[in-house]
Amino acid sequence: MSVSAFLTDPTLCIGCKACEVACKEWNGLPQDGLEWSGFSYDNTRRLGASTWRHVLFLEQPRALGPQIAAAEDPFRWVFLSDVCKHCENAGCLDACPTGAIVRTEFDSVFVQPDVCNGCGYCVVSCPFGVIDRRPDDGRAFKCTFCYDRQKAGLVPACAKTCPTESIKFGTIEEMEQRAEARVAELRERGYSDAHAYNAADTSVGRTHALFILLGEPEAYNFPPAPDAPAVHLRSAWTMALVSAAVGFLILCLAFLR
Amino acid sequence: MAGFLSRWPFLRQITAGGDGTGPEAMTDATRELRPRLEGAEIARSVCPYCAVGCGQLVYHREGKLVAIEGDPESPISRGRLCPKGADSFELLTHAGRETRVKYRAPHSIRWETLDLERAMEMVAERVWETRERSFIEQREDLPLMQTSTIAHLGGATLDNEENYLIKKLFTAGLGVVAVSNQARI
Amino acid sequence: MSREANPRSESRLDAIREEATRTGHVAGSGLAASASPTPSSSPAAGYYGLPLLKAPVWTWEVPLYFFAGGVSGASTAIALAARIAGRAPDLELAALWIALIAALICPVLLIADLGRPSRFLNMLRVFKRQSPMSVGAWTLAGFTGVVIVAVVADEAMRAGLAPAFTGGVTWAAEILGAALGLVLLSYTAVLLGVTAIPVWSENRRLLPTHFVASGIGSASALLELFGFLVPATQMVGFIVSAWETLVGASIELRARAVDEPLRRGRSGWAARAGGTLAGPVALLLRIFEGSSPGGRELAAACFLAGALITRYAWLWAGRASSANPRALFDLQRQ
Amino acid sequence: MPGLGTSFGRGGSTTAPGDLVNADAILIMGSNMAENHPVGFQWVIEARERGAKVIHVDPRFSRTSAMADQWLPLRAGSDAIFLGALIRYVIEKHREFREYLVHYTNASVIIADEFRDTEELDGVFSGWNPETKSYNPASWLYRGAAPSDDVPPDLSHYESDPTLEHPRCVFQLLKKHFARYTPELVEAACGIPQNAFVRAAETFTAASGPERTAAVVYSVGWTQHSNGVQVIRAAAILQMLLGNVGRPGGGILALRGHASIQGSTDIPTLYDLLPGYLPMPAFGPGSRSLADYVSRHRTRTGWWANFDKYIVSLLRAYYGEAATAANDFGFGWLPRISADHSHQGYWLDMNEGRMEGLFVLGQNPAVGGPNARLERKALAKLKWLVVRDLVETETAAFWYDSPEVRRGELRPEEIATEIFFFPAAGHAEKDGCFTNTQRLLQWHEKAVDPPADARSETWFICHLGRRLKEKALRDPRPRNAGLAALTWDYALEGEHTEPRAEEILAEINGFRTSDRLPISSYTDLAADGSTACGCWIYSGVYPGPGQNRARERNARDAHGHGWGFAWPSDRRILYNRASARPDGSPWSERKKLVWWDDAAHSWTGLDTPDFVASKRPDYRPAPDATGDAALAGDKPFILHPDGLGWLWVPSGLKDGPLPTHYEPHESPVRNPLYSTQQTNPPADAKRGPENAYAESPDPRFPYVLTTYRLTEHHTAGGMSRTLPHLAELQPEMFCEISPQLAAECDVRHGEWVTVVTPRGFVEARAMVTPRMRQLRIHGRIVHQVGLPYHWGFRGLVKGDAANDLVSISEEPNVRIMETKGLLCNLVRGRGGEGPAALRRFRSFLERPR
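The listed protein sequences correspond, in order, to chains A, B, C and D. Take 110 as the starting number for the first sequence in this note's numbering and just add one per residue. Take 257 as the starting number for the second sequence in this note's numbering and just add one per residue. Take 6 as the starting number for the third sequence in this note's numbering and just add one per residue. Take 449 as the starting number for the fourth sequence in this note's numbering and just add one per residue.
Simulated from the structure, these hints should not be mistaken for lab results. Some hints could be false.
[To be verified] Simulated restraints, written as ranges between beta carbons of each label pair:
| no. | chain 1 | residue 1 | chain 2 | residue 2 | range |
| --- | --- | --- | --- | --- | --- |
| 1 | D | Glu941 | B | Asp371 | 19 to 25 Å |
| 2 | D | Ser1033 | C | Pro48 | 55 to 61 Å |
| 3 | C | Gly270 | D | Arg1297 | 52 to 58 Å |
| 4 | B | Glu393 | D | Lys1040 | 55 to 61 Å |
| 5 | B | Arg263 | C | Gly172 | 38 to 44 Å |
| 6 | D | Ser1033 | A | Asp302 | 46 to 52 Å |
| 7 | A | Arg298 | D | Pro1283 | 58 to 64 Å |
| 8 | A | Arg296 | D | His542 | 37 to 43 Å |
What you are looking at is a predicted structure, and each value in this text was computed from that prediction instead of being measured. Even glycine gets a Cβ: it sits at the ideal position worked out from N, Cα and C.
With these hints in hand, go ahead and build the complete structure from the sequences.
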């Protein structure tokens, strides 16, 4: 089984949101609110239980690499399609008490809707704030990495539809290499603040959604140094058991005295 | 009971091992998961929105639409679709779509439903009467052959065959001159 | 020109306008007043100030469960301690009954909070040691069984209609019950500590001590209110309220940005109120009024109330923390 | 598209989006390609990634600008100045492609001595008649060509000066005409800094020549102006000067907005055309007989010498056996046009109660039409209305749900209009073909039956026609003869009794009347009635029984041969003879497309030659030769009587042989070039009480308004506002303004504002963004307001219709309205409800001017 990944490149993204729609069409997701946000052209706002692809719109007072926008003050409009990162050490996966969330043969993280009982623990365990519980349904949902499609060798709906190949899909090794090569090329071309966003060197480990960013990750609401909650299991448990033991000793003392 | 136990992932965990995130935790549904377009019939189609003309594959099964996706073989679009094109399936299946003839009588404040054939008869009547009232065969003994009180609008999202019949009937048949659509040469 | 104007976005924009006219700028939402009229997305503000993390979806049942679980687990520990000391059989039995009743309330609360309550049994589909909630679910299941055995055995002994070996059973059940009880008492701290919510995860070392102390304290306070005004409960009361005072003090004195939800807003007020009741108030009452039964009962009541309130405070703090991307950025940029 | 038609010969895009990958520079202007043609834009991105420079000139910083190398903000309506300045830049800097220019265009042709330029006559060309508000184009002809009302001017013989030095040659006239279009003027009138303009001009011209090509992409940002055709003409001139037409990565790409909008002009549902761009007979002696009509339109030389074959074959397709040489093939049955019957005009007639019935098929004028307010009120004056669509559009619901009803202007019980709504079939529910923006016919197969009563237009028209023809057969008066003769015996199949679309396509393709066998090309057509053909330019799409080339689905090469069928004759890049030198060899290896293969005695290459394949490059016609034989082997523009590309249009345009700058009907400034001529002289503003205009300038309406589309919606919204997945992406009407304008109007981001023009008012959310820039025009600040026009009073997401603000007006050649570059004002707060809102609006108009 090939271990696949997304690579999303804002310098190719035209902000058309085809990925959002293709995702909703394929996965039969409901409409997610008809509220005007005022946040540039982004009325989706964030990923959620019913929105598994989200195109961000950044209006920034900076120049876009070599672009010449005839105007006194520098300006750029950056688009980026966000998605579940399918972490190597996935907070949601570790947290799930029912085994509803599983690791597939493609290394992606998949929520089994027929098992999830909506305990909500995955929601607070995702360092990227991706997975959420759908109020009217009670279960937790997020990007399936088009598990059903991949099983049949099909490309995920979002990557297939992307008009400009801003969303690339392939083996994780290939995507990681392309990310590095692309960043080098972009810097060459004058995109001085282009860099690859990759959690590989954090406790989250390799992710199956790689991104090229222009400027700081914070502006995209990407955590600059995400942490997989599970890395704290040992220290937390130790502390818990020690406290419990101490507590019990105190009780014994209290009653024996 | 035994059946239940055999399907209890916890026992699979004990027997086969696993930390509860792997195959041992998968349900039958997950194991048997397949894309719904698998095995569906395919019609080669074209996106109905803008004029780029992206190729579409329309997946259908037993007279029902299953999905509409980009056609990777199209040299026009290489399998890609924009948000509107990607929403084509919903375009044809959404709840707001009308499927019955609606009729509003003069001065009425409500729609009524109308049988399709009856509606066609009535429209034909209206056209004929209006044409009778306004048709001019000659002016200053030069041929005019027109009716100027019936107008037509539309066409830019219609098929060439449809437009051909419209032009043929309205212009060459009825003498309607006010034939127009949003397209401009 | 009329349209069903979207009331939510309407009210949101009105709020923004009000704040704008009042303060000249709008924090959080990313919208700004006419001074700098365009919404911004920047390293400082994050993406239009929208939350990065998802807010906990848990409702009122969960803090109550934390409380009940704590009381239940701690009670078995008290029962065992009493049995080892062999001084207070009545207190021991009462503690077991408290443990049992609390233990029976717990699953009701948990199930009520599920998005799909009918699927509560899925909690025992697999066992995942990497999931505190899974560990907790199995613990609670085992614990409840054991406590039932313990109570039945103990009652049977007293009723004198128990076979000889029952004594051994009681011992075994109580030891196992206490062991599981201590886990039940403390795992909820791990449950919160091992998440992405900054205010929880950054307190993963503090939380267990806090939950253990307040659980044991609550159980013992409950016994006091049931009339067991023995020296042991007094001593426990002293120690736990002293500890709670320290916990509160450390949060206030360290004054970390990430702990802001424990000091500001609704969650802050709850944390402070609960902490004060369970900490200084209970402590002072025991010091100055500890000799009078009324004083002790008041102290116990204060502690119980404080313990319960702090559980809610922590959930609310989690919500506030998840809504503030800046705290997270600062934390991760350190 | 006369802009392209008169310049090159055919009213169609010269190239395809896919060919943009071969460009070295791409000028996107009057188009927001990334947003409105996202999938086509993949080729622009690919070209950019290969090193091509992308220049976007647009009033707004759109998603297209965001992807461009250079963005130049300009004042809506000043396009002609920008392009004129590019033309001047090429000439002044000697960047023209001489050899191409001299051999392939009419740059060297000498023009009639009577001609006077706008520069001499302060804004009008010679031949202007102020009474009729029209031109007599006689003085625009080549020197020596005799003007005549009865026959097309003979442009096959002309004097020329290959040195381009003669003062009356087109090149010199061009040079004089555009002499005032300086970078200074661009800065003053367009608001584009000189250095930015020069940089763009350098980039674009440097990417042209034998080794390189540059492409121009436009859309309705150019066409929807009162001088739209001339703006496109300017681009055509620029591309011919630089030698970019007919070559890979060059040309002019006209991006069209609807699935078959090209098809609906090729097979026009338009009042003044018959299929294949044959003109409708106009009332008068010129249409007394078929001979009169043909003599006025058949040229002696060039492709239109075949005119009679096409019209006769069309009449044979329409009237079948009843069309005989004896009865002029039924020419007499065709209606004659006697006025402006375009929908711009007939809505005004409708509003005066002069229309009884209206068919609206797959369009939504109540939202999408100019001055939609007037159009909605006009609908109430009809006797009957037929609407066919997928959903109940605003047009079908105007009588009970429109703003006019809520404002008390219309009362349902007082509206006498009888309304029929028919549910339509979707594209996957019927067979048929679209013609896309690159003239490519693509078949779409029926997958499933339409639901319940939903039917295709083919079904509707076919069964309506059947009923009407029966009436005609029962009533043998001359007026019914044509209808009675109309060939209408289409085979019906299935439970829905649906006609076979392929049978109709076969009729469009054409066939021999003797045995009904399909013809393989329009070259098979004859004028003696032995052939029938529904649309000559589509001939070849159905070359043999059961052989539907629109259905072909195996692309063999980069140009897509083997996938669908491009008219004419599957040529993907038009005028591609120009991709080779006069001697037939490619201009360069890098830019080769078609070339002369001497061994094979034939033109060959990567595309189907847009040329008679066997005509040698060195072929020279006999003096008396006619038709295509009269064109030499180095004349690529074969539809023109002289085979040349027309920098100068001697005949065929109503507003001049050369483009020149006129201000929009509403402008914040006076025309900087002409003191007495503000707007395009023959452009019809259709002024009226309900179609009123602001002054230019007008203190009541200080801001420039431009309307446009968003990726997330489709035109008037009938195919997007009702779909949850699209509606949620752009849920509310908004208007885009600069921070400076927001400050000026004391508007904050997200607040409601009301946009007002003399026609109406709409409310919208204020989207305050640096993507909108204030411009400095002739020394003073000019603000622009951007308004998407997708919303209406129905659907999941509702909003006011921006088209309530737009006026009904007509560009003289194609009668298109002006939606880019109007004047408006901005008022903080919502538009308000009921009659009160109307009163406020009227009092606003009464403000001092």
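For each hint, the structure was consulted:
1. Checked against the hint of 19 to 25 Å, the pair D/Glu941 and B/Asp371 passes, with Cβ atoms roughly 22 Å apart.
2. Here the CB-CB span from D/Ser1033 to C/Pro48 is close to 58 Å, well matched to the stated 55 to 61 Å.
3. The hinted range of 52 to 58 Å is satisfied by C/Gly270 and D/Arg1297, whose Cβ atoms lie roughly 56 Å apart.
4. Checked against the hint of 55 to 61 Å, the pair B/Glu393 and D/Lys1040 passes, with Cβ atoms roughly 58 Å apart.
5. For B/Arg263 and C/Gly172, the hinted distance range of 38 to 44 Å is satisfied, since their beta carbons lie about 41 Å from each other.
6. Checked against the given bound of 46 to 52 Å, the beta carbons of D/Ser1033 and A/Asp302, roughly 48 Å apart, stay inside it.
7. Here the CB-CB span from A/Arg298 to D/Pro1283 is close to 59 Å, well matched to the stated 58 to 64 Å.
8. Taking 37 to 43 Å as the suggested C-beta distance range, the pair A/Arg296 and D/His542 conforms, at roughly 38 Å.
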